[in-house]
Each structure stands twice: as C-alpha cells, then as structure tokens.
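Following the hints, put chains B and C in place on chain A, whose structure we already have.
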Amino acid sequence: MAINKDTVKYTANLARIELSDEELDHFTGQLDRILAYVDKLSTLNVADLKPTSHVLKMKNVYREDAVKHSLPASEVIQNAPLCENNLFKVPKIIDIEA
Amino acid sequence: MMELNTLTAHNLIELLKKGDISPLDICNNIINRIEKTEKSLAALAHFDKEKALERCGNLRKTAEKGGLWGIPIFIKDNICVKDELTTCSSKILKGFKPPYNATVIDKLTSLDAILMGKTNMDEFAFGSSTETSCYGPTRNPWDLERIPGGSSGGSAAAVAGDEAIFALGSDTGGSIRQPAGVCGVVGLKPTYGRVSRYGLIAFASSLDQIGPITKDVEDAAILLKAISGHDEMDSTSADMPVPDYLSGMKKSIKGLKIGVPKEYFIDGLDKEVKDSIKAAIEKLEKLGAVCEDMSLPHTEYAVSVYYLVATAEASSNLARFDGVQYGLRADNIKSMMDMYKKTRKEGFGDEAKRRIILGTFALSSGYYDAYYSKALKVRTLIRTDFDKAFQKFDAIVTPTSPTAAFKIGEKISDPLTMYLSDIFTISANLAGIPGISIPCGFTKNNLPIGLQILGKPFDEETILKVAYNYEQNTDWHKRKPKL
Amino acid sequence: MSYEIVIGLEVHLQLNTKSKVFCGCSTDFGSAPNTQTCPVCLGFPGSLPVLNRQALELGARVAIALSCQIAKEIRFDRKNYFYPDLPKDYQISQFDQPLAQHGILNIVTGESEKKIRIRRVHLEEDTGKLFHQKDHSLIDFNRSGMPLLEIVSEPDMNSPEEAYLYLTALKSILEYIDVSDCNMEEGSLRCDANISIRKKGDSVLGTKTEIKNMNSFKGVKAALEYESKRQMDSLEGGKRIVQETRLYNAEKCVTEPMRSKEEAHDYRYFPEPDLVPFDFEESLLERIHKDIPELPEPKKNRFIKDYLLSNYDAAVIVSDKNTANYFEKCVGLYDNPKAVANWLMGDISAYIKENNVLIKDLNLKPEHLADMLKMIDSGVITGKIAKTLLIEVIKTGIDPRKLVKEKGLEQISDVSLLEATTSQVISENPKSAEDFKNGKENALMFLVGKVMQKTKGRADPSKVNGMLREKLKGAE
Numbered sequence: 001m002a003i004n005k006d007t008v009k010y011t012a013n014l015a016r017i018e019l020s021d022e023e024l025d026h027f028t029g030q031l032d033r034i035l036a037y038v039d040k041l042s043t044l045n046v047a048d049l050k051p052t053s054h055v056l057k058m059k060n061v062y063r064e065d066a067v068k069h070s071l072p073a074s075e076v077i078q079n080a081p082l083c084e085n086n087l088f089k090v091p092k093i094i095d096i097e098a
Numbered sequence: 001m002m003e004l005n006t007l008t009a010h011n012l013i014e015l016l017k018k019g020d021i022s023p024l025d026i027c028n029n030i031i032n033r034i035e036k037t038e039k040s041l042a043a044l045a046h047f048d049k050e051k052a053l054e055r056c057g058n059l060r061k062t063a064e065k066g067g068l069w070g071i072p073i074f075i076k077d078n079i080c081v082k083d084e085l086t087t088c089s090s091k092i093l094k095g096f097k098p099p100y101n102a103t104v105i106d107k108l109t110s111l112d113a114i115l116m117g118k119t120n121m122d123e124f125a126f127g128s129s130t131e132t133s134c135y136g137p138t139r140n141p142w143d144l145e146r147i148p149g150g151s152s153g154g155s156a157a158a159v160a161g162d163e164a165i166f167a168l169g170s171d172t173g174g175s176i177r178q179p180a181g182v183c184g185v186v187g188l189k190p191t192y193g194r195v196s197r198y199g200l201i202a203f204a205s206s207l208d209q210i211g212p213i214t215k216d217v218e219d220a221a222i223l224l225k226a227i228s229g230h231d232e233m234d235s236t237s238a239d240m241p242v243p244d245y246l247s248g249m250k251k252s253i254k255g256l257k258i259g260v261p262k263e264y265f266i267d268g269l270d271k272e273v274k275d276s277i278k279a280a281i282e283k284l285e286k287l288g289a290v291c292e293d294m295s296l297p298h299t300e301y302a303v304s305v306y307y308l309v310a311t312a313e314a315s316s317n318l319a320r321f322d323g324v325q326y327g328l329r330a331d332n333i334k335s336m337m338d339m340y341k342k343t344r345k346e347g348f349g350d351e352a353k354r355r356i357i358l359g360t361f362a363l364s365s366g367y368y369d370a371y372y373s374k375a376l377k378v379r380t381l382i383r384t385d386f387d388k389a390f391q392k393f394d395a396i397v398t399p400t401s402p403t404a405a406f407k408i409g410e411k412i413s414d415p416l417t418m419y420l421s422d423i424f425t426i427s428a429n430l431a432g433i434p435g436i437s438i439p440c441g442f443t444k445n446n447l448p449i450g451l452q453i454l455g456k457p458f459d460e461e462t463i464l465k466v467a468y469n470y471e472q473n474t475d476w477h478k479r480k481p482k483l
Numbered sequence: 001m002s003y004e005i006v007i008g009l010e011v012h013l014q015l016n017t018k019s020k021v022f023c024g025c026s027t028d029f030g031s032a033p034n035t036q037t038c039p040v041c042l043g044f045p046g047s048l049p050v051l052n053r054q055a056l057e058l059g060a061r062v063a064i065a066l067s068c069q070i071a072k073e074i075r076f077d078r079k080n081y082f083y084p085d086l087p088k089d090y091q092i093s094q095f096d097q098p099l100a101q102h103g104i105l106n107i108v109t110g111e112s113e114k115k116i117r118i119r120r121v122h123l124e125e126d127t128g129k130l131f132h133q134k135d136h137s138l139i140d141f142n143r144s145g146m147p148l149l150e151i152v153s154e155p156d157m158n159s160p161e162e163a164y165l166y167l168t169a170l171k172s173i174l175e176y177i178d179v180s181d182c183n184m185e186e187g188s189l190r191c192d193a194n195i196s197i198r199k200k201g202d203s204v205l206g207t208k209t210e211i212k213n214m215n216s217f218k219g220v221k222a223a224l225e226y227e228s229k230r231q232m233d234s235l236e237g238g239k240r241i242v243q244e245t246r247l248y249n250a251e252k253c254v255t256e257p258m259r260s261k262e263e264a265h266d267y268r269y270f271p272e273p274d275l276v277p278f279d280f281e282e283s284l285l286e287r288i289h290k291d292i293p294e295l296p297e298p299k300k301n302r303f304i305k306d307y308l309l310s311n312y313d314a315a316v317i318v319s320d321k322n323t324a325n326y327f328e329k330c331v332g333l334y335d336n337p338k339a340v341a342n343w344l345m346g347d348i349s350a351y352i353k354e355n356n357v358l359i360k361d362l363n364l365k366p367e368h369l370a371d372m373l374k375m376i377d378s379g380v381i382t383g384k385i386a387k388t389l390l391i392e393v394i395k396t397g398i399d400p401r402k403l404v405k406e407k408g409l410e411q412i413s414d415v416s417l418l419e420a421t422t423s424q425v426i427s428e429n430p431k432s433a434e435d436f437k438n439g440k441e442n443a444l445m446f447l448v449g450k451v452m453q454k455t456k457g458r459a460d461p462s463k464v465n466g467m468l469r470e471k472l473k474g475a476e
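Line order of the protein sequences matches chains A, B and C. Just so it is clear: in the first sequence, position 95 is 95 by this note's numbering, and no numbers are missing. Just so it is clear: in the second sequence, position 312 is 312 by this note's numbering, and no numbers are missing. Just so it is clear: in the third sequence, position 474 is 474 by this note's numbering, and no numbers are missing.
Here chain A stands alone, though its shape is the one from the complex (with noise of 0.2 angstroms):
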C-alpha cells in the first residue's frame, strides 16, 4: 500500500481541507492507484543526476529598487468576504505574538 487512511487524513490536514469519511475513503482508494503507477520511477537509478525545477538556464533576474504604484486600498478589499476600515477580517486567533 502506498498510501493509507491515516496518510490522507494527516496530509488532508496539513492542507487545511477538512474531508467527509466517505471521502477519506474513496480518495484514499483512488490515490492509492496512483502512486501505485507513479511508483514506476522507482525502478529508474537517478542518483547521479540533478533535478530540473526550472527548464529555462537563466539566472539573475531582477528589478531595480524603484517604487511603483500600489493599488488603492479600495481595490485591495474589493473582493474581501469580510472587512473593516480597509482591514482584512478574520477569526481571532490564539496565541497573540506581538
């Protein structure tokens, strides 16, 4: 088994995705089958080999440090499900840290 029920909840988890017990269940089959097949890449030595996170070979990409317009407050909250006074609202959170 590649993956189990406890693996996906954990990992349900650690994305904040809460998961109903049928879907644990179900994605817990369904992934399962896939990392049975991407499994394939085991069989592959790649020790000596570097990863490709990027394909492009460059490097050195930058801007310079000028200050350009920001957006006004009132496109910033537009699309806020919830604000006040241009502030983003949420939850209260425990444990304050200054």
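Source of the hints: derived by calculation from the structure; they are not laboratory data. There's no promise every hint is true.
[Unchecked claim] Below, computed lysine-lysine pairings styled on BS3-like, alpha-carbon distance capped at 27 angstroms: (1) K40(A) / K411(B); (2) K72(C) / K68(A); (3) K9(A) / K91(B); (4) K411(B) / K5(A); (5) K89(A) / K91(B); (6) K50(A) / K377(B); (7) K411(B) / K9(A); (8) K68(A) / K129(C); (9) K72(C) / K50(A); (10) K225(B) / K480(B); (11) K91(B) / K92(A); (12) K5(A) / K94(B); (13) K9(A) / K345(B); (14) K134(C) / K89(A); (15) K68(A) / K377(B); (16) K68(A) / K82(B); (17) K40(A) / K388(B); (18) K388(B) / K89(A); (19) K388(B) / K57(A); (20) K94(B) / K92(A); (21) K97(B) / K129(C); (22) K57(A) / K72(C); (23) K388(B) / K59(A); (24) K97(B) / K57(A); (25) K334(B) / K92(A); (26) K225(B) / K59(A); (27) K134(C) / K92(A); (28) K252(C) / K92(A); (29) K18(C) / K59(A); (30) K334(B) / K134(C); (31) K392(B) / K57(A); (32) K290(C) / K59(A).
[Claimed, not checked] Chain A stretches covered by chain B per the calculated footprint, using a threshold of three residues with CB under 8 angstroms from any CB of chain B: (33) 15-29; (34) 81-88.
C-beta: ideal position from N, C-alpha, C; glycine also.
What follows is chains B and C alone, placed relative to chain A:
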C-alpha cells in the same frame, strides 16, 4: 450578412481593412451564434452581451489601429481580466474580480482586440475533459455527448463551434493541445517562458503557458505573436526577440528532418488515430520532409513525473485559496482553522482536492526524496531525451491523444485513466518545449483526430511551418461540426 | 550540579531598500492600512515575484561584514504553512542554498573576546501584520513583502549576557554598514532565541525551547535569564524539558507556553519555481567588500593603538559609527584623544541621551569641540564654563569663540580682581572662614563656591582655592 463568426481572424482583418464590415457586425454575429448554440455547448463561463457590445463600441476610431483591431477574443477563465469575473471555474473563487490585468490581456487590448468573455475550463485546469468545472461540463461541438477535452475545453469548443473567432487557453500537461485535438481546431503551447505568466492563475508554475486556440495555423501565428515577449513582471519570462511567425511559417519544409518516436505508438493508441497519423506522416514526406523513426526512451515515465511535480506545485499555488482575502469563505465558522478547512472543503471540487492532497504528500517530510525530488531528476532524463533528439531532428510528430473524444462521464470516476489520456502531451511541458496540435483526420464517427508537432525551445517557427504546410495541403481545417 | 547554558539566536532584519523584496511597493513605515500593497505582495492569484536587486546586495553586504561565505548559487524556496498574515500561505524564503553561511561575530565579554559562529544568512519576505481584537483579528498587508534578512547563529552563547552582547555587537555592525534601521521597538530588528541546558562537560545538547515575543535587547536578556533558571529548576527537580515555543511576557518578566497546542510544522520546502537561481560575479562581491566601511572591531583596535584609548573607552566610542567619526574628526583638530573621549562619553553623551537626539544632528560640531578644548587649555575659559558653553552651542548653533565673547565668559585672569573677590567672600562669610581655620576642609569648598558664584563661574576654581587657603592660613 455572411456568417462572420465562422471566419478566421486573418479573414476578418482583411475584411475590416477593406471596410466591407465593421467590428459591430462581427460582434453581432458572435452574439447571435452564442444565443443559438451556447445552451448546447456550455463553452462560456462568463459572457455578458451588453459588456461585449460596450467594449466593441469603445474601440478607438483613430487612423492608427492595433493589429487586432475589432477582432473579438475569448479568454480562458484562469486568466485575469481586470474587474471581470475570473474564477478558474471553481466555487472557491466565486465572485472574484481581480483588480489587475494579466500581461497578455494588456497586450491584446493594446492591439485593440475586443475581450468578449471567459471560457469554461476544468476547475483550476485540473483535467482533460472540462468535466470538473463548477459550472458543469462543456460539450464537444462534433458530438454533444462527448467531452471537448480539457482543461481549455471551453475555448476549444467555442472556437470549433464558431462561437469564437479565436481564444486563449493555458497548457500545463496538454490543456491547449488535447482539447484542440479532440475539437478539430489548432492549439499551440509555446516554449516555457515565451509568453508571460503574469496574471495566469497558476496551476504548476514550472509547466504553465498561455497559448492560442484557433481555427487555422495562420491565426495561431498571429495570436502567438500578439501575446509573446519578455515581461518584467515575470521572472521566468525569456528575454528573447519575437520572430515574425507569419512569414516564417509559409516557407517550405523540404529537407526538414522530422522524428517519429516509437514510444508514442503503443497498445493504447486507437487504430483510427494511428492510421490518421501515419497518413499525415506520409503527407509530410510528400511535402519534402524527411520522416524517420526515433526514440524518446523515457516517455513512459512522463505521466508519473507530471503527477508528482505538477501536483506538488499546485498544492502550494492553491494554498492561497483560504477565505481570507477573496473568493468563498464558508459560513458558520468558529475559528481560523475552521475557516480554512471548511472553505477549502466547500470551495474545491474532488479533483482539486485529490491533486492538492497528492501534491502535499509528495512534498511532505519523509516522502520528499522518494517522490518530488525523484520526479525532478527523472524530469532531467525526459528533457535530455528531447535535447538529444533535437540534435538530429528539426521537429517531432506524434498523435495528440491516444483516442478521439470520449463520452462525458466515461473516465471521470477513474482519475488514473483520465491522467493517461495526457500521455502524449505531458512530456513537452516537462521539457519546456513548444508543441502544436492540428486536425489530421476524423474517425468514422466523425470525431476529429489531432496531429501534434513538437519543436526545439523557442523554435515555434518550425512547428508552425510544418503545421501550415500540412494544413494548406489538406482540407481537415475547413470542416465544421453541425450544431 | 553544574550546568551550562546553550543559546542560539535568530535575528530578522528589515533591510532599508526603497521598495519591497519582490514588488515595487514602497517600504515606508506608518501608512494607512493596505495602501502599500499590490497583487504581488498581496499574493493575488496570478501574481509573480521579481527579486529586488538591492535587497540581495544588502544581504551580501551583511554576509561579507560577518565574514560569511557567499553561496556559489543562490536559490529561493517556498516555505509552506497556513497563517492569515501570510497571503499566499507560503513564504518565499531560502532553505538549502541560502545567500551565505559560516561567518563569525566577535563579542567582548569583560576583558576577553569570544567568537560566535554565524550559521547562515538568508533573504526572505516579511508577512502582513495582525491586529487582535476581542473576537476577531484584522490584517494589514503593508508589511507583507518587506525584505527580511535572517541571521542565524550557532548555539555558541553560554549566558544571557553573551546573548545581549551578541545583539549589541551585531546591531553595531549593521548600523555601520547602513542596511537597516535596526530598531527592535519599531520592528525592523526582531529576535527569537533558542535555549537549552546541559551538564557541564556534556557534548550532547539538552532539549531546547524557543523563546519569542521579546521587544528589546534587555528583554532578550531578561527572558533568557528567566528561562535558563526555569529549565535548571526543572532539571534539578527531576523533570524533563518539553520542546516547545514560549512567549516572553515583558510585564511579568516570565516566559509562558503558547496557549494552543502546537503542531510540528512540516514546511514542505521546495525550490521556488517562479524565481530563477542567482549568483554573484566576483567583481561585484569585491566592490561590495570594498564599500564596507571600517567595522567597529577593527576601528576599536585602531583607536586603542593610535589614540591610546582604553579598551572600554574605545569600545564605547566605536559602538556608534557617527560617534566614532565625530571623535576622529575632533582629534584631527585637537590632539588630545583622552580629553575628547572624556567629553564625548561624559557631557555630550548625557545631553544626547536626555534630549533623545542623534550626534550627527548636534549643532556642536567636532571643530566646535576642538575649539572649546583649545580654549580651556589656553585658559580662555574654565572647565566649568565649558560645560555650560557646550549646551549653549548645541542650543544656538553659534560658534563657541563667538559665544564666549558675546556672553563675556572669559576666565578672569586679572589677579587683583580675584584677590579682591576672595577677600570679599572671606569677610562676608566669617563663620566658614573660621571653620576652615579650625580644620574643616568642606568650609573651603563652600567659600570656593561663593567666589565662583560672584564671578559667574569665570574664575579658575583651583586658583581660587589656592588664594583662599593662603589668605586664611596666612591670617594665622
């Protein structure tokens, strides 16, 4: 009035130049068509007739006009258009109107193209059938019981169904080419870095590209030129000049060396598709190309690599959909954690959840080396296959998909089967090379078959040249579905 | 049981670039909420980061100043976790190819020195700011995307005092190379601490706790003092230390465990696909190296050698770059380093502290101080007058020589006038005169004071002292 909506952009540009028609004529034709066919096709995610007419009315009337003046275009719903609904066909972005334009949108509007509306897609581009859209599936104009491909199914169906002149799609594992293939239109995925990704709502950052979906190769060249170029807002955008694709494509393909990878002619390949491709290869040889069998030995690993790399990046890219700043926020939430979990539970569809979980897993502690890191190394092998191949060949041809369009509902319950339908298109994204799909035949059920042409990085000219030459010597592109 | 305290510090520094690290929003402090944001630093869907060149160069400057090795290839990674002040729910940071590693910071503990190793220096983006209300929280993203440099030390500090010295030495260097405001109260410099205890001689580290929420260097020291004692008490009492994050409560001067159950973070670091790798050309690194001014440590050693200052005096003067420059400029005009140092560390320092000003803004320029000291030497003014003159120059900005003339502050050199005044004071204060004759030294000080009063401080106290003594003793 001739049905202007059935014409290509280059046809319309000519007619507009001559003064035979006006942009309003084109818009009206499009709107009429949509009113007739959209109920069956469901290709559009957001279309507002009044807004479209308003944009048409606001076209500049000065002597100086942009190269796409008066030409309407539809945009896939994962590309940001300022103050217009941009939802990636997902509930979690319900109501989202970005306060900014994607760079490609700015380019199009500076050329005076008319933004007509947004097309339907698989939710967050996760899919090959446009069945995972929160708005419901789009249908293939050639057979309304069948999928239009995905994830840019809406764009492909709209173009094939003449609701659109041309459209933009996005391609991460084949999402432009595969729908173009099963809808009988042209779809081009540019080299990674050719077109700016700024404003494209990201799926897999190292694989995504925006590209044209059009009725013929000339339109693809026109649209590609319009959207290509370096963008200082995108660190992964190549600082390379954009060639004149139109003149390049009309050149002959005599002597061009074309590779035919044996790994793409596998058991799962439908016989009718295989026969069409073989016939197409013969055609190319008649046109002077030299076609030769070759090998891309790591092809069989591409789907595995993709479903680890792409999902890993996606899991991170989609973390921002959390109910805080935009989109859906669940009701009855008791805490911050509750808000995150409920919002993402309600807002994401099944496929999105699956991919996010899979991607999170591939990156997680204890699994990173075995999955994500390994996949990145195998990606090097796949890329090297192409580097080696392109030392000998100028282009590579393959089928676009193993089968023609399958029925709606046929593969949706088995993700792995769905994933395998991307088998021919995925490698190009992993290697970052350009690819185009053009129609090369029909099944006996009158379903389109796509021919894929892959090229060297930043050599869109060659694949356009092969595609154009083939197209102009065949009639496939002239056929239209009966809607 | 003899215990050893082991401390490592993580400092986050806001770099003083004009714009943010991945976008062009301004880095100004104190603007209205969400008015210095854009799709990039808000993490809006479709947005992409582009690195601010200056941020990377400032980071390199810090790394070089701390004698670190700059990486051959620099890469950014995503640090994935969910928190409402993190708009993308990942932070662009650096994991396994950071900007620099393996540096050194010297601290001076009493008369000895200790090398604290720097493990790594890396660049990352800052988060937004949360404001907590009764039953909800509010978020301002102005701070999101500010360039942060994280400086991580090895756990080489063995007392809260060493931690404090590390922070002051670090701040001193950072101010010298002008990369940040370095202000803990304003948040441009933040510090988290890791602390553990082990038996002396043990090579294995004890279980560590992470301490957060300290708002000043003194706070860091106090927090570590409390925590080290807490851990020692626990161990003595046979209890094990729980690995946890604790918050410092400055009001109660204690550390407290966080209220929510903490989950171990799995940050799932992976290379940031939206940013390409970076490297530095040798010539650029050389230029950055050259542009770094003489740092506090070498400057201090030079002051000790060239100006014969004590270790302590030199350390105090170089701890602030502007003070050091002031000192050297003054000494260049008036060759008595000790005297200059005394005035700088005495009256001038007192004024600066009391009035909360900066030495570079003082009207009393190095040349003014030099002049004043020359006037004392040549007897134009007394030392006492100089003290008030100093304040006058600072307040008015008028040249000291001019002020002395305008206000008639010259020392009284007329002997007969002095004689007359001292005689007058003796006759006006017979009891004190008598007291002195009877052996009370204090009485003389009183009489000297009276003469100083009458002469408005313009008499030389030692001359006056001599005159009074002679007159009174002589009367015997």
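Evaluation of the provided hints:
no.	hint	result
1	K40(A) / K411(B)	22 angstroms, holds
2	K72(C) / K68(A)	31 angstroms, violated
3	K9(A) / K91(B)	23 angstroms, holds
4	K411(B) / K5(A)	24 angstroms, holds
5	K89(A) / K91(B)	21 angstroms, holds
6	K50(A) / K377(B)	6 angstroms, holds
7	K411(B) / K9(A)	25 angstroms, holds
8	K68(A) / K129(C)	22 angstroms, holds
9	K72(C) / K50(A)	16 angstroms, holds
10	K225(B) / K480(B)	26 angstroms, holds
11	K91(B) / K92(A)	25 angstroms, holds
12	K5(A) / K94(B)	31 angstroms, violated
13	K9(A) / K345(B)	13 angstroms, holds
14	K134(C) / K89(A)	12 angstroms, holds
15	K68(A) / K377(B)	39 angstroms, violated
16	K68(A) / K82(B)	19 angstroms, holds
17	K40(A) / K388(B)	23 angstroms, holds
18	K388(B) / K89(A)	55 angstroms, violated
19	K388(B) / K57(A)	17 angstroms, holds
20	K94(B) / K92(A)	24 angstroms, holds
21	K97(B) / K129(C)	24 angstroms, holds
22	K57(A) / K72(C)	16 angstroms, holds
23	K388(B) / K59(A)	23 angstroms, holds
24	K97(B) / K57(A)	35 angstroms, violated
25	K334(B) / K92(A)	9 angstroms, holds
26	K225(B) / K59(A)	25 angstroms, holds
27	K134(C) / K92(A)	8 angstroms, holds
28	K252(C) / K92(A)	24 angstroms, holds
29	K18(C) / K59(A)	23 angstroms, holds
30	K334(B) / K134(C)	14 angstroms, holds
31	K392(B) / K57(A)	21 angstroms, holds
32	K290(C) / K59(A)	25 angstroms, holds
33	15-29	holds (count 7)
34	81-88	holds (count 3)
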